[in-house]
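Trainee: Listed below are the residues making up each chain.
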Amino acid sequence: MPLIEIKDASKGFGLPGERSEVLKNINLSVEEGEFVVIVGYSGSGKSTLINLISGLVKPDTGSASIEGNPITEPGPDRGLVFQNYSLLPWLTVEENIALAVDEVFKDWSSEQRKAHIAKHIAMVKLSHAAHKLPKELSGGMRQRVSVARTLAMNPKVLLMDEPLSALDALTRAQLQDEIADIWLNHKTTVIWITNDPDEAILVADRVIPLLPTSPATLGESIAVNIPRPRDRKAINHDPEFKRLRAHLITTLLDSKGKNKVKSNLKLVLPDILPEDVNSINSFEFFSRKGPKRRNEVKHEEVEVSA
Amino acid sequence: MHLIQRYKLDAIFLPIVAILVCCLLWYLIAGKSTITTKKDDWGDTVKVTKREGISADLPTPVETWTASKLYITEPFAKRGELDQGILRFTWMSLVLVAQGYFLALVIGTPIGFFLGLSKKFTMAFDPLIQVLRPVSPLAWLPLGMILFSGVKVVNGDGRTTFGASDAAALFTIAICAMWPTVMNTAVGVRAVPQDYLNVAKVLKLSKNKTLWKVLVPATLPYMFTGFRLSLGIAWLVIVAVEMLTGRPGIGGFLWQQYNANSYAHIILCILTIGVIGYVLDRLMSVIEARFKTA
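Protein sequences, first through last, are from chains A and B.
Its first residue numbered 1, the first sequence is counted upward by one per residue in our numbering.
Its first residue numbered 1, the second sequence is counted upward by one per residue in our numbering.
Here chain A stands alone, though its shape is the one from the complex (with noise of 0.2 Å):
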């Protein structure tokens, strides 16, 4: 049984009306341990899929479950790893941590948590920023802590949303290697979103395109057998990375060639209706209530081929 999975999922959101249908047909299932990046554009619904899994948003249609079991709300063995690290600023790192592991691991004794919080705190290489204040830390320390974070609460899946693309280039590279090491060493299965398609076929076992159709759907998945650990240097002149790559980038390109997106236009027309000029009495000053409001908005809906 796969560990996670997801079956004809479908999602949108606004009120009717004023829809707009964001995934449709969502079929996905990771095994347990796989490393599998989704790729695709920004704005085209990674971010809402990957809320699927953690609970955070439910599926319209279709049903997504972990272990067999339907997700109905985000827990903790679900570790959602944000874009925007969501540290909690008043907190230090190892408070920050600590709030996690706190919360999952109630039975433990405090030093069995205080033991398993350091330990996180050093794998991500920070054990000299314990006691700082997430202001006072680089963004891909920000990052690291985290990773740290989610991790500290043993979590069966790992799910990063676009984790490393408030980075810089440089961080950012070595973050893609500190992250894939460890899950090298920890094994833990990882669901990973991201925009770049070099970062996905670095890091992944299988990378999935999240094609750029309105609605959005995943494309074929496309298994990545590079040997572990990858040299990133060296990976750039491996002949299987650029065929993937090129094949990536293709399916990617096609499918928004291809793609109509339907957008509604909202068109307000003046709001002034002229005065009728004979209705005017002679008690002018009580009966005149000033320009009359039309108040009235047109919806069209105009396809744009992008």
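Treat the hints as calculated values from the structure; they're not laboratory data.
A couple of the hints might just be wrong.
DMTMM-like cross-link-like pairs, simulated, lysine to aspartate or glutamate; straight-line CA separation at most 20 Å [claimed, not checked]:
no. : chain 1 : residue 1 : chain 2 : residue 2
1   : B       : K201      : A       : D161
2   : B       : K207      : A       : E103
3   : B       : K47       : B       : E63
4   : B       : K204      : A       : E21
5   : B       : K209      : A       : E103
6   : B       : K209      : A       : D107
7   : A       : K256      : A       : E21
8   : A       : K242      : A       : D205
9   : B       : K207      : A       : E73
10  : A       : K156      : A       : E103
11  : A       : K7        : A       : D60
12  : A       : K135      : B       : E52
13  : B       : K201      : A       : E95
14  : B       : K201      : A       : D102
15  : B       : K204      : A       : E73
16  : A       : K187      : A       : D77
17  : A       : K156      : A       : E5
18  : B       : K204      : A       : E94
19  : B       : K209      : A       : D161
20  : A       : K233      : A       : D196
21  : B       : K38       : B       : E52
22  : A       : K233      : A       : D198
23  : B       : K204      : A       : D77
24  : B       : K204      : A       : D196
25  : A       : K58       : A       : E34
26  : B       : K207      : A       : D102
27  : A       : K125      : A       : D168
28  : B       : K204      : A       : D198
29  : A       : K135      : B       : E63
30  : B       : K204      : A       : D161
31  : B       : K204      : A       : D107
32  : A       : K58       : B       : D195
33  : B       : K209      : A       : D205
34  : B       : K209      : A       : E162
35  : A       : K233      : A       : E178
Assemble the complex: chain A is given as a structure, and chain B must be docked to it using the hints.
Mentor: Chain B in isolation, oriented as in the chain A frame:
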């Protein structure tokens, strides 16, 4: 360097100029007394003081200073129940304000949290709050008197230590000073970033823990802005409250001196109230700055 020196000099020099200009204007419209001697009907020589000016009863700056000197140079003296040093009066007012203000925070902050957390609560109570918010302290005080007419705490000697007027005073300060705390807390709670709430959800924090570990710290900066504004209002209200209840304090002193025709002391009181208000505001903004997170 030159620029900084000039800026600092200006920061001291310009306010002094402004104060002097105001004093000059004050002097110009104030009444000036002329003392003449004349023989009355009995043949005795008497002094006649005549005040003239745009506002004849307004004392000049110098007269104000002479009349107020004693109150300022002996700020803690107690010469009688209604004749005390200016800081002694201020202290009495501050104690009352502190009590009322404390009540306002204790009541206002939870209300703010409820408003921020629950849409239904907001829908239910927002109209009520918007209507009660602009009501003047002068209007609340009589209601307080009626509400707490039965309150009477008597000490061993049979003297009332806490009566209806004290309760009404506290009630008035609390209910007037509460609103900025309520509104700012509510806004702060609504402004808590969704990310933080998501963290709480993903970690499955209990309601209690979410409140104390996430919501309260995230709202603190807003709460303290509310607290600062509330303190300003509490200090505003004190004068009205003391005038109406006749409690001794800076506002009571002001009203009593007006009734006693000693107008110079009114100006002393106004200036004192202003300075204390300013100091309180500065103190609160220092505390507020300490609680700015992120």
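Trainee: Quickly compare the C-alpha distance for A/K233 and A/D196 to 20 Å and report which way the hint goes.
Mentor: 17 Å, holds
Trainee: Hinted pair, alpha-carbon criterion (20 Å max): B/K204, A/D77. Please report holds or violated.
Mentor: 10 Å, holds
Trainee: What's the verdict on B/K204 and A/D196, does the C-alpha distance respect the 20 Å limit or exceed it?
Mentor: Outside the cut-off at roughly 31 Å; violated.
Trainee: If you draw a straight line from the CA of B/K207 to the CA of A/E103, is it 20 Å or shorter?
Mentor: 12 Å, holds
Trainee: Hint check: A/K156 vs A/E5, CA-CA at most 20 Å. Holds or violated?
Mentor: The given pair, whose Cα atoms are some 13 Å apart, holds under the 20 Å limit.
Trainee: Regarding the pair B/K209 and A/D161, is the alpha-carbon distance no greater than 20 Å?
Mentor: 25 Å, violated
Trainee: With the threshold set at 20 Å, check whether the alpha-carbon distance from B/K204 to A/D198 stays at or below it.
Mentor: 34 Å, violated
Trainee: CA of A/K242 to CA of A/D205, is that 20 Å or under?
Mentor: Since the Cα atoms of A/K242 and A/D205 sit roughly 16 Å apart, the hinted pair holds (cutoff 20 Å).
Trainee: Starting from B/K207, check that the Cα of A/D102 is at most 20 Å away, please.
Mentor: Holds, at roughly 15 Å.
Trainee: For B/K204 and A/E94, compute the direct alpha-carbon distance and say whether it is at most 20 Å.
Mentor: 19 Å, holds
Trainee: With a cut-off of 20 Å on the C-alpha distance, tell me whether A/K58 and A/E34 pass.
Mentor: Violated: A/K58 and A/E34 sit about 24 Å apart, past 20 Å.
Trainee: So if I understand the rule, the pair passes when the alpha-carbon distance is 20 Å or less; does A/K233 with A/D198 pass?
Mentor: 12 Å, holds
Of the numbered hints stated above, those contradicted by the structure are hints 4, 12, 19, 24, 25, 28, 29, 33, 34, listed in ascending order.
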